[in-house]
Amino acid sequence: MTNAPGSRRKWILEWPLHLMLLPGLVMIVIFCYGPMVGVVIAFQRFLPTGGLFGSKWIGIDNFKYVYSLPETMHVILNTLFISVMKIVAGIVAPIITALLLNELRKKAFKRTVQTIIYMPHFLSWVILSGILIDVLSPNSGMVNQFLKWLGFQPIFFLGDKSWFPFVLVGTDVWKEFGFGTIIYLAALTGINPALYEAAVIDGASRLKQTLYITLPGIVPIVILMLTLSLGSVLNAGFDQVFNLYSPTVYETGDILDTYVFRMALINGQLDVGTAVGLFKSVISLLLISVSYFFAYRFANYRIF
Amino acid sequence: MVQPQTLGSRLITASIYSALALMAALCIMPILNVLAVSFSSNTAIDAGKVSMWPVDFTTTAYNYVAQKKEFLASILVSLKRVALGTVINMVLTLFTAYPLSKEVPQFRLRTWYAWIFVFTMLFAGGLVPSYLLVKELGLMDTLWALVLPGAVPVFNVILLLNFIRALPKELLEAGFIDGAGHVQILWRVVAPLSLPALATVGLFTIVGHWNEWFGGLIYMNDPIRYPLASYLQTVVVRLDLTQIRSADEWKLFAELNDRAVRAAQIFLGALPIFCVYPFLQRYFMSGIVMGSVKE
Chain A
1 MTNAPGSRRK WILEWPLHLM LLPGLVMIVI FCYGPMVGVV IAFQRFLPTG GLFGSKWIGI
61 DNFKYVYSLP ETMHVILNTL FISVMKIVAG IVAPIITALL LNELRKKAFK RTVQTIIYMP
121 HFLSWVILSG ILIDVLSPNS GMVNQFLKWL GFQPIFFLGD KSWFPFVLVG TDVWKEFGFG
181 TIIYLAALTG INPALYEAAV IDGASRLKQT LYITLPGIVP IVILMLTLSL GSVLNAGFDQ
241 VFNLYSPTVY ETGDILDTYV FRMALINGQL DVGTAVGLFK SVISLLLISV SYFFAYRFAN
301 YRIF
Chain B
1 MVQPQTLGSR LITASIYSAL ALMAALCIMP ILNVLAVSFS SNTAIDAGKV SMWPVDFTTT
61 AYNYVAQKKE FLASILVSLK RVALGTVINM VLTLFTAYPL SKEVPQFRLR TWYAWIFVFT
121 MLFAGGLVPS YLLVKELGLM DTLWALVLPG AVPVFNVILL LNFIRALPKE LLEAGFIDGA
181 GHVQILWRVV APLSLPALAT VGLFTIVGHW NEWFGGLIYM NDPIRYPLAS YLQTVVVRLD
241 LTQIRSADEW KLFAELNDRA VRAAQIFLGA LPIFCVYPFL QRYFMSGIVM GSVKE
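Chains as they are written, first to last, in full-length UniProt numbering: chain A, 1 to 304; chain B, 1 to 295.
By construction, these hints were calculated from the structure, which means they are not laboratory data.
The calculated BS3-like cross-link candidates involving lysine-lysine, where the alpha carbons are at most 25 Å apart (straight line), are:
hint, chain 1, residue 1, chain 2, residue 2
1, B, 80, B, 135
2, B, 102, A, 10
3, B, 49, A, 148
4, A, 208, A, 106
5, B, 135, A, 56
6, A, 161, A, 148
7, B, 102, B, 169
8, A, 10, B, 169
Chain B with its partners taken away, still in its complex shape (with noise of 0.2 Å):
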């Protein structure tokens, strides 16, 4: 846009900066607030006296959890969940997507599996089948409740083969000359030059698996075998929440619940994904983009 400067148009330009600025931080001071009030003492909590910052700095609350043996089973549930289901999801999504990608003179029967796959996005059995289903396959408790369900994202697959699609007709052409066979294309040409896309689709597998808490919540009857997401979901959310009736109630559970606790555990749970993020970010723009914007 072009801007001319005159005194209006600094002023225009000041308030915008303002009300980004205002949007950014309102983002932002919900996650600093816990992060300071998982780091201060109970005492200033109790006085309102923790904002942004720390108040009588002390790592009580983390040394707590750290003993919390429930909290560290989950977290190994967590990243079991999160291998298995990445690496489960991430060759499935490339071995669906290349097919699909294909088109019909080269790969008749496209369009039906296309359909096949698609439509289960548009129509779904519901919870209860779903869950009776898992039960009746014997997956209760286990690691496979939470991994097989989900795993061929259909979403991700449309992603990946859009992406294959534009990619140059001759690379893939020239490889069968050569004499290579599909799965040699699609190892040696394909996944190498789909890396962008399968970047994306692969952290946000990542994180999706790292956050996902229902699954857990209900194929484990075992507490002790959920994810960190469903522990968290029954520990810091739940627990406390279906038993509130009142004003008074409210009050009584702040002051039972050790905030700084619950809020080193919140934290601790998004640790991860602030981790990842920087990664994320400079793939998913192009990835969003290129999945979601088409003509």
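So here's chain A without its partners, still in its complex pose (with noise of 0.2 Å):
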């Protein structure tokens, strides 16, 4: 810092500044960043009792155990399948509630069904899961009940590995495409109203208009939305695959924050389930860094 007259008057404004940012720096450089050295595990043969510098340094044998292991190629597969099929149908399934809600003249009955739309957003997927099983249990869940009723055999959706994916998307789209559809109607809002006056008077239908105003103006946005998303391609949502799998679909179901909960907490292999993190960790810095630059680049988004 520079002795200039500017400068001493500048600290005496700043440094009230600096003084609120020590807590908050202090908790996220201890439990954000002190992970983060932690990482380096993952090139260990770790020992609790020996900690992290009483490790024996092995380089990279950890990872080539992981990459030995006849799972590992199963469980990267599974969570990009799983995600891609739930951004995909992430996007899909909101931005069809958002156009038929924007139809609508009826103010309470939209209101009503946006209530109750959003609300699966706001429970957890602890309370979601317990409600599933029983919903999609196979002798008396509501769902076979129905199924039955219609002439179908039951499906076995939480036990049967070639179901369980689709059960995934399903149940995650369920959960979230309400509250997905905020953004999408915000984005409608913004649409010039005169662009419609005119097309009524050149005698444009619903589906005309639908199609070359309405869609075409949520474009940007919806492309905003597929560009952030990929940034966490390799997020296949933790919480509703360790409450909803079991062993019989971990072929099929298994993805890689699962995988590292059971290799490391279950079986104690620290070291190896560190390295699986540190590997999904790194490759979604890239791709996060990527998304925000074609987000920035393309949309102007800027996150702050």
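Build the complex: two chains, separate frames, hints provided.
In structure tokens, the structure reads:
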């Protein structure tokens, strides 16, 4: 810091700001940057008794070991598959809902529907899993009772490995589609009403208005949402999967985060779990950086 | 949208109403079903008679749950966690967002600080190092393990700092001219004006703490210290699923477990959310939009 007269005055104005930031800064240095130092465990044969500094360095052996495991490839593919399906369905369903809501004139009905469809978002996957396990159960659940009534065989939704990924996507959409509509509804209100008036004068039907005015109007926000979701493609939803899966569906339902959890905290291979976690964090960092770059470049999006 | 009132248009309107009503029904039916199950007798449940309305209304399940010591203990842990966690989160959010809302000429290191915070949203050490850190710090089995690791919710900080920036600059300047310091301005001007944003963030924080279950699961060795969400995770969800390997076992599990008791616990776990939801709703529309769509 220079000793120019202005600089001193500025410091007097600024020091309370530094002081205000201090508590938050201390907390994130300890609890966010602390664990970043801890990733060195990925390169050690970690012994809890030896700790971070007493354990033996083994280079990339943990990574090699994980690579040699047959499940690893499965888990990566599962993660990508589930995640990509969720991203696509998680954008399409809210757009359709927002378009439908936008067509309505009756304020009271609109508000009631919105209130109800937002609600699952605020319930945790623990609560929702409790509900879903009950509702989807093969012998007595509501869904299978209904299927039986229609004359179908009951489906073992949570215990059938070919069904499980689709159940994950379906229930995720069920939880989040309502909340996701908020953003598209906001974008829809930004469309100039004069465009619709002009279209009506030209004789455009409601479908034509939707196709040529409404949809193009929300294209920028759709592109932005898609771009931003690229950064989270390795997060296939730990809370949901962890609460809904069982050993029968590991083959198709196991994702990177649940894999790390089982490897580290159930099997006790802390170093191997860290290696998988580090792999995920690094790839995610790259993806998020790329997606933020594109969002900034093409949609002028900024985080702050 | 302009709608000419032709027959075709009316038909379309009618189908839109039905589609949306169906969506709303799909969202609320599973919840109503569980509520109905929780108030029904076991014989009615086993016979598959319960759908949206209780059959043979009874509160046996709730009476049973009300006597479970672990259940009551976990509610107490959850309440403490929500209170302590929300206070910490809100104070730190406000204290962090205000300095970061300044422009660089007024606060020269602002951009550096902002990146230090934002970087934690981009990269994380991961599960194992975080777990070991909490263990090393001696926080295992304490409430602090549940509230300190997430003490600064960076996402909320960004929401709030964007809101503060949109406040009229003249108000803050007027405060300075009257001789107020940063702390006074934050307390007397910024905080009251940010009330809608603070309410949004605050309610999200409360809901977040009430719902969070994973921390409790890994940081508490003794289940008696579990918050309600972690307790429900072990008794309602996990306990059963890890052992199930076949369709026959699913049947057995459904018969062995008292579905009404499970349902009652699920419903009680969600009840506080249903209670704060009306307040939440008033705020979050503007809150979310303000934070996410800005160009």
